[in-house]
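Asks: Using the sequences plus the hints, can you model the full thing?
Residue numbers (my numbering), protein chains in the order written: chain A, 51 to 390; chain B, 51 to 390; chain C, 51 to 390.
Think of the hints as simulated: they come from the structure by calculation, not from any bench. Remember, it's a predicted structure, so these values are computed and weren't measured experimentally. One should not assume that every hint holds.
Heads up, the list lumps identical chains together, so a pair's fine if it works in one copy or across two of them.
What the hints assert, rightly or not - Below, simulated SDA-like cross-link-like pairs (lysine to any residue); rule was C-alpha separation at most 20 Å, straight line:
| hint | residue 1 | residue 2 |
| --- | --- | --- |
| 1 | 243 | 140 |
| 2 | 363 | 373 |
| 3 | 384 | 235 |
| 4 | 243 | 92 |
| 5 | 98 | 120 |
| 6 | 358 | 370 |
| 7 | 364 | 376 |
| 8 | 236 | 143 |
| 9 | 243 | 93 |
| 10 | 243 | 144 |
| 11 | 98 | 117 |
| 12 | 116 | 65 |
| 13 | 364 | 385 |
| 14 | 342 | 75 |
| 15 | 377 | 367 |
| 16 | 358 | 330 |
| 17 | 363 | 349 |
| 18 | 365 | 182 |
| 19 | 364 | 67 |
| 20 | 365 | 378 |
| 21 | 365 | 355 |
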Amino acid sequence: MARSLGELAAQFGCELVGDPAVTVSGVATLGNAGDGQLSFFSNRAYRKQLRETCAAAVLLTAEDSKDCPVPALVVDDPYLVYALIAAELYPPPPLQVGVHVSANVSPTASISPGAEISAHVIVGDDTVIGNGAYIAPGVVVGPRCSIGEHSHILANATLVQDVIVGRRCIIHSGAVIGADGFGNAKSRGRWIKVPQIGRVLIGDDVEVGANTCIDRGSLDDTVIGDGVRLDNLIQIGHNVNIGAHTALAAQCGVAGSATIGQRCMIAGQAGLVGHISICDDVVVGGATKIWKDITEPGFYTGGFPGEKDSEWKKKVARFRRLGDLVKRVATLEKRAGKNL
Amino acid sequence: MARSLGELAAQFGCELVGDPAVTVSGVATLGNAGDGQLSFFSNRAYRKQLRETCAAAVLLTAEDSKDCPVPALVVDDPYLVYALIAAELYPPPPLQVGVHVSANVSPTASISPGAEISAHVIVGDDTVIGNGAYIAPGVVVGPRCSIGEHSHILANATLVQDVIVGRRCIIHSGAVIGADGFGNAKSRGRWIKVPQIGRVLIGDDVEVGANTCIDRGSLDDTVIGDGVRLDNLIQIGHNVNIGAHTALAAQCGVAGSATIGQRCMIAGQAGLVGHISICDDVVVGGATKIWKDITEPGFYTGGFPGEKDSEWKKKVARFRRLGDLVKRVATLEKRAGKNL
Amino acid sequence: MARSLGELAAQFGCELVGDPAVTVSGVATLGNAGDGQLSFFSNRAYRKQLRETCAAAVLLTAEDSKDCPVPALVVDDPYLVYALIAAELYPPPPLQVGVHVSANVSPTASISPGAEISAHVIVGDDTVIGNGAYIAPGVVVGPRCSIGEHSHILANATLVQDVIVGRRCIIHSGAVIGADGFGNAKSRGRWIKVPQIGRVLIGDDVEVGANTCIDRGSLDDTVIGDGVRLDNLIQIGHNVNIGAHTALAAQCGVAGSATIGQRCMIAGQAGLVGHISICDDVVVGGATKIWKDITEPGFYTGGFPGEKDSEWKKKVARFRRLGDLVKRVATLEKRAGKNL
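Replies: The structure is reproduced here in structure tokens:
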């Protein structure tokens with residue numbers, strides 16, 4: 051589906067520098083793009099590639115347009131407009147609506163005639179699948195689930211039971227949503243399982259990464275707000291509540307009953323202990339562990355970067371002897387006191 | 051299934067404060083419970099909710115019963131008794147015993163007539179499935195496995211081969227048990243795979259979380275003791291041995307040939323290096339990395355909590371200059387020596 | 051398949067100390083091996099077991115042969131030769147070539163007659179499966195993939211789309227390869243998905259662990275070099291490039307567009323931020339976080355080991371008061387200056 055630069059400029063509010071009749075039908079990086087391919091410039095590290103690009107056109111800001119040797123679509127946020135144009139140029143394949151002969155659908159489930167239920171899918175009792183939904187091969191959707199309109203559940207994902215997914219969500223392959231939370235009571239040195247009976251409520255426009263786990267609530271529900279982004283291999287414990295438009299990068303862990311506000315960004319491998327509360331607009335750095343409530347928006351970090359082992363070992367040794375240093379300074383202070 | 055408070059008090063050894071004829075048929079949190087719903091109070095943070103609860107009855111200790119506005123079941127460990135009562139009120143759905151027509155069972159496998167083999171399940175050669183076992187949709191149980199009585203293997207889990215599961219276990223969705231361990235020998239800059247031929251032995255009453263991995267032994271077996279609890283997204287390397295009634299929270303990693311004692315508790319995102327040994331009754335804090343044997347029971351931690359980036363950066367800068375500070379103190383000591 | 055020690059010594063270049071007619075048909079640890087079982091000694095911690103072994107024969111170095119009470123195969127690298135012999139003694143089961151009746155293969159896919167497509171497998175449009183390839187039960191191979199000769203894709207793994215796998219690879223169960231990367235643009239407080247259209251290119255002789263995720267490239271491809279070893283539960287972000295013969299242990303995370311050189315070894319739970327570059331022959335310690343380029347081969351570490359909580363708390367308290375200590379030293383220096 052080729053689009054002319056003139057059309058794109060009009061549709062996306064760009065200023066066009068160049069021939070409006072030039073067409074693009076795909077996207078590529080500055081370094082690889084050629085005829086018919088649109089690129090974008092939003093990271094200064096790639097200025098050299100911009101100057102040498104053979105793209106059909108480049109999305110960039112007014113400030114950078116002087117470095118562009120080819121037609122330019124000038125706009126305030128090139129990356130955002132790139133995302134919107136790329137979505138038009140690469141539409142998802144059309145659904146093959148209907149239920150595949152190898153799928154297993156409960157007689158009490160309700161499947162929209164506008165949904166695609168692929169091969170080897172399971173749909174459990176009392177589950178509802180909305181119009182335009184796509185349930186990919188090997189997916190298990192257990193009982194009492196609901197998949198909103200135009201949501202996609204991708205291959206081999208599992209919605210165990212009582213999972214309510216909003217509209218236009220994407221649940222990636224291998225994700226497990228609605229498994230029991232980690233609830234155990236102790237009895238004479240043994241663990242007794244605490245039944246987990248809550249649901250998982252997922253808002254609209256949510257994306258859940260591959261092999262990510264979201265546990266069902268123990269009693270109340272686990273809640274994922276509208277527009278939330280969860281990357282791969284994330285753990286969301288029971289009764290967690292994540293506010294709208296918050297994003298968590300890969301391998302984060304959020305322990306049970308933690309609450310995260312809206313528009314937060316949590317970098318990869320970060321961890322939140324249970325029962326704490328993070329306010330809106332908090333940014334947490336990579337691998338940072340949050341042990342307490344955060345009540346003020348801002349950027350929170352912890353941890354040390356790796357360095358040459360010999361250097362790091364020296365630092366650790368000094369850190370371990372810090373108590374000695376404190377004593378030595380106290381001794382000096384005493385002596386200095388005498389000398390005053 | 052409604053139960054009267056009188057019956058519950060008698061069965062679970064509670065003192066009843068209130069009308070024994072009141073019935074409960076479900077459980078809910080203090081804040082949400084209403085008619086017919088039992089709640090419990092075990093976390094002081096919820097005292098306000100206790101005072102305002104509309105639950106049909108509340109499980110709590112004698113000490114807290116004065117704050118309870120509704121019938122009370124008084125007991126030493128309310129959370130434990132809550133777990134036991136909830137298990138009665140929410141029994142698992144009855145099995146639909148037999149082998150689903152879409153399942154694929156090896157002719158050399160042995161399936162108890164009291165087991166349920168669901169849709170799209172695979173059962174490999176020489177595998178034995180016990181009475182009351184539930185194999186959920188999409189599960190692959192490879193060759194030479196054994197699933198003990200009343201164990202549940204949930205949707206899309208994989209038991210690769212040579213996995214022996216005890217009785218009353220729950221293996222959650224997406225778990226992979228019995229995959230090859232990470233065994234590689236080096237040969238002129240290349241990795242040569244070391245064949246992995248051990249088994250995974252899982253005791254009775256074990257729970258394995260969603261998307262958790264337990265590798266098969268390289269030669270000897272990987273062993274998970276009775277009553278162990280593994281949360282989601284945990285890595286258990288080859289030849290690891292975990293003692294009975296030990297619990298590991300989500301995203302922990304245990305490297306190959308490590309041994310963990312009985313009744314240990316390992317918090318989320320912790321890590322144990324390979325070939326070490328942890329004695330019984332050890333508690334490891336969240337995200338703590340254990341590099342050496344632990345021979346004494348107790349609480350072990352490491353790591354720093356996240357804080358405002360500006361504050362953390364100052365601390366890191368001081369830490370980096372600690373060597374300078376040590377030198378400055380040594381200089382002062384020399385001078386002080388002269389002044390003595 | 052029994053082999054005589056004489057044959058093995060000749061084939062693998064070992065010096066035989068003992069009867070060449072003795073045969074072995076299996077392998078076991080020094081402590082467990084008996085008649086017909088070969089063992090190896092490469093870790094000094096097991097010297098006692100060597101001295102008491104009942105193995106039919108032991109692979110070891112000349113230096114250690116004096117401690118061996120049974121026939122010995124003497125060689126420079128016993129572990130490597132053990133790996134090679136074990137691979138001969140435990141060959142993978144022969145393929146059952148052909149397409150299982152319950153598999154679902156696109157009419158535009160091309161399946162070698164020498165490949166095995168197991169039960170409940172999906173093969174998407176335009177996908178090519180090579181000779182000797184094994185696609186295990188429950189695997190979904192989406193459109194436009196290619197599986198090279200003799201590669202094994204194990205149960206319930208998912209290759210989402212546009213995944214090119216080389217020859218002799220092993221993709222373990224639950225791995226998800228080719229899912230969308232984490233690409234999001236912000237628009238007035240909301241996330242807009244950035245279409246992900248790149249591929250995943252995997253070289254020859256690569257092993258990918260259970261439940262590991264490798265995202266497709268956003269525009270260019272994600273590239274995994276020949277001979278790479280990825281353990282379980284690893285996250286590889288979009289556009290990452292991993293050099294040949296590099297190994298990553300379990301639960302590592304590599305953020306988008308990072309580049310790792312050849313022959314690197316990254317220990318478990320380590321993390322690399324996005325857009326950085328690590329040169330060849332770098333070793334990264336367990337749980338170490340790499341924030342910047344590494345341009346020099348060597349061993350890089352970070353992080354503190356766990357210890358008794360009471361001890362660690364003292365250290366943390368001193369660390370927090372380091373600013374005070376710096377001030378106290380400065381005060382002493384001023385006073386000392388006066389005293390000079």
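Asks: For each hint, tell me whether it holds in the structure or not.
Replies: Structure-based check of all given hints:
1. Taking the closest pair of Cα atoms, residue 243 and residue 140 come within 20 Å of each other only across two copies (12 Å); inside a single copy the shortest separation is 47 Å, beyond that limit.
2. Taking CA atoms no more than 20 Å apart as the test, residue 363 paired with residue 373 passes in both settings, with 17 Å inside one copy and 12 Å between copies.
3. Taking identical chains as interchangeable, the C-alpha atoms of residue 384 and residue 235 are never at most 20 Å apart, the minima being 54 Å within one chain and 59 Å between chains.
4. Taking the shortest Cα distances, residue 243 and residue 92 sit within 20 Å of each other only across copies (16 Å), while inside one copy they are farther apart (51 Å).
5. For the homomeric pair residue 98 and residue 120, the shortest alpha-carbon distance inside one copy (14 Å) is at most 20 Å, but the shortest distance between copies (67 Å) is not.
6. In this assembly of identical chains, the alpha carbons of residue 358 and residue 370 lie at most 20 Å apart whether taken from the same copy (18 Å) or from different copies (14 Å).
7. Within a single copy, residue 364 and residue 376 get their C-alpha atoms as close as 18 Å, and across copies as close as 12 Å, so both meet the 20 Å cut-off.
8. In this assembly of identical chains, residue 236 and residue 143 lie within 20 Å of each other by CA distance neither inside one copy nor across copies; the values are 51 Å within and 25 Å between.
9. Taking the closest pair of Cα atoms, residue 243 and residue 93 come within 20 Å of each other only across two copies (18 Å); inside a single copy the shortest separation is 51 Å, beyond that limit.
10. Taking CA atoms no more than 20 Å apart as the test, residue 243 paired with residue 144 passes between copies only; the shortest distance there is 19 Å, against 45 Å inside one copy.
11. Within a single copy, residue 98 and residue 117 get their C-alpha atoms as close as 9 Å, which meets the 20 Å cut-off; across copies the closest is 64 Å, which misses it.
12. Proximity of residue 116 to residue 65 under the C-alpha cut-off of 20 Å is restricted to the intra-copy arrangement: shortest distance 14 Å within a copy versus 72 Å between copies.
13. In this assembly of identical chains, residue 364 and residue 385 lie within 20 Å of each other by CA distance neither inside one copy nor across copies; the values are 29 Å within and 26 Å between.
14. In this homomeric assembly, residue 342 and residue 75 never come within 20 Å of each other (Cα to Cα): the closest approach is 50 Å inside a single copy and 37 Å across copies.
15. Taking the shortest alpha-carbon separations for residue 377 and residue 367, both the intra-copy value of 16 Å and the inter-copy value of 14 Å come in at or below 20 Å.
16. In this homomeric assembly, residue 358 and residue 330 come within 20 Å of each other (Cα to Cα) only across copies, at 15 Å, whereas the closest approach inside a single copy is 37 Å.
17. Proximity of residue 363 and residue 349 under a CA criterion of 20 Å is satisfied inter-copy only: 11 Å between copies versus 29 Å inside one chain copy.
18. Proximity of residue 365 to residue 182 under the C-alpha cut-off of 20 Å is found in neither arrangement, the shortest distances being 58 Å within a copy and 53 Å between copies.
19. Proximity of residue 364 and residue 67 under a CA criterion of 20 Å is satisfied in neither setting, with 57 Å inside one chain copy and 47 Å between copies.
20. Proximity of residue 365 to residue 378 under the C-alpha cut-off of 20 Å is found in both arrangements, the shortest distances being 18 Å within a copy and 16 Å between copies.
21. For a Cα distance limit of 20 Å, the shortest separation of residue 365 from residue 355 qualifies both inside one copy, at 12 Å, and across copies, at 13 Å.
The structure does not agree with the numbered hints 3, 8, 13, 14, 18, 19 stated previously, though it agrees with the rest.
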